[in-house]
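Asker: So the sequences go chain by chain: C and R. All residue numbers for the first sequence refer to our numbering, where the first residue is 1 and numbers rise by one. All residue numbers for the second sequence refer to our numbering, where the first residue is 1 and numbers rise by one.
Don't read these hints as lab results, they were simulated from the structure. Some hints here could point you the wrong way.
Below, in silico cross-link-like pairs of lysine-lysine (BS3-like), each with a Cα-Cα straight-line distance of 25 Å or less [what the hints assert, rightly or not]:
id	chain 1	residue 1	chain 2	residue 2
1	R	K99	C	K24
2	R	K56	R	K26
3	C	K78	R	K99
4	C	K78	C	K24
5	C	K68	R	K99
Partial chain C-side listing against chain R, Cβ under 8 Å, derived [unchecked claim]:
id	residue
6	S31
7	L43
8	Y48
9	F65
10	P84
11	A88
12	G97
13	S102
14	Q106
15	G109
16	D110
Here the structure is a predicted model, which is why all the values come from computation and not from measurement. Even glycine gets a Cβ: it sits at the ideal position worked out from N, Cα and C.
Listed below, chain by chain, are the residues.
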Amino acid sequence: DAGVIQSPRHEVTEMGQEVTLRCKPISGHNSLFWYRQTMMRGLELLIYFNNNVPIDDSGMPEDRFSAKMPNASFSTLKIQPSEPRDSAVYFCASSPGDRSYSNQPQHFGDGTRLSIL
Amino acid sequence: SQQGEEDPQALSIQEGENATMNCSYKTSINNLQWYRQNSGRGLVHLILIRSNEREKHSGRLRVTLDTSKKSSSLLITASRAADTASYFCATEPMDSSYKLIFGSGTRLLVRP
Numbered sequence: 001d002a003g004v005i006q007s008p009r010h011e012v013t014e015m016g017q018e019v020t021l022r023c024k025p026i027s028g029h030n031s032l033f034w035y036r037q038t039m040m041r042g043l044e045l046l047i048y049f050n051n052n053v054p055i056d057d058s059g060m061p062e063d064r065f066s067a068k069m070p071n072a073s074f075s076t077l078k079i080q081p082s083e084p085r086d087s088a089v090y091f092c093a094s095s096p097g098d099r100s101y102s103n104q105p106q107h108f109g110d111g112t113r114l115s116i117l
Numbered sequence: 001s002q003q004g005e006e007d008p009q010a011l012s013i014q015e016g017e018n019a020t021m022n023c024s025y026k027t028s029i030n031n032l033q034w035y036r037q038n039s040g041r042g043l044v045h046l047i048l049i050r051s052n053e054r055e056k057h058s059g060r061l062r063v064t065l066d067t068s069k070k071s072s073s074l075l076i077t078a079s080r081a082a083d084t085a086s087y088f089c090a091t092e093p094m095d096s097s098y099k100l101i102f103g104s105g106t107r108l109l110v111r112p
């Protein structure tokens, strides 16, 4: 079975440019998560979608970050304009659980390593 | 915010030895999960232990949970070089069943 697929795997761009990260969750999973991983702050939850609806975006750093899930098989995380401090590894994860159904593992993609120069 | 804190931060052992990692957390939980992350890859789910369970096994993995002390341990027996990775505990808070809060991880090196 295909796992969570993220693209691109690596992105290097200059400060001020728009960055779009993409994610295809595992088919049939109702929940989708975007995380950011840095050495200083570890793994942070940015946003959680359930059935394509954003439920918790309290982890989104600021208005420069936005995420969408137009359908059950695709999500994007956009940074506009990007800044050097956004450099990190961004992970997408999906899960068959939802808000009322816990005890489910999350399945992670291999991440996008983002470098903003 | 990080709820789970792993101990030690780094561990180096010889192949064949056992590796023990500990995790402490702060709030009431539905479950605690352990994940492995190899360099340059995503996290891989290893094992989930529910709040009403005290011990769970999966192959060479043994996880314990002590909710009174808000702590868990992961034991990897007969370690192999391929076990070299970072290991994270993650807790699902009782008041937000969708959310996992990850600890800072333990970097395990298994020397051949």
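Asker: Under the constraints set out in the numbered hints, which ones does this structure not fulfil?
Answerer: Structure breaks hints 9, 10 and 11.
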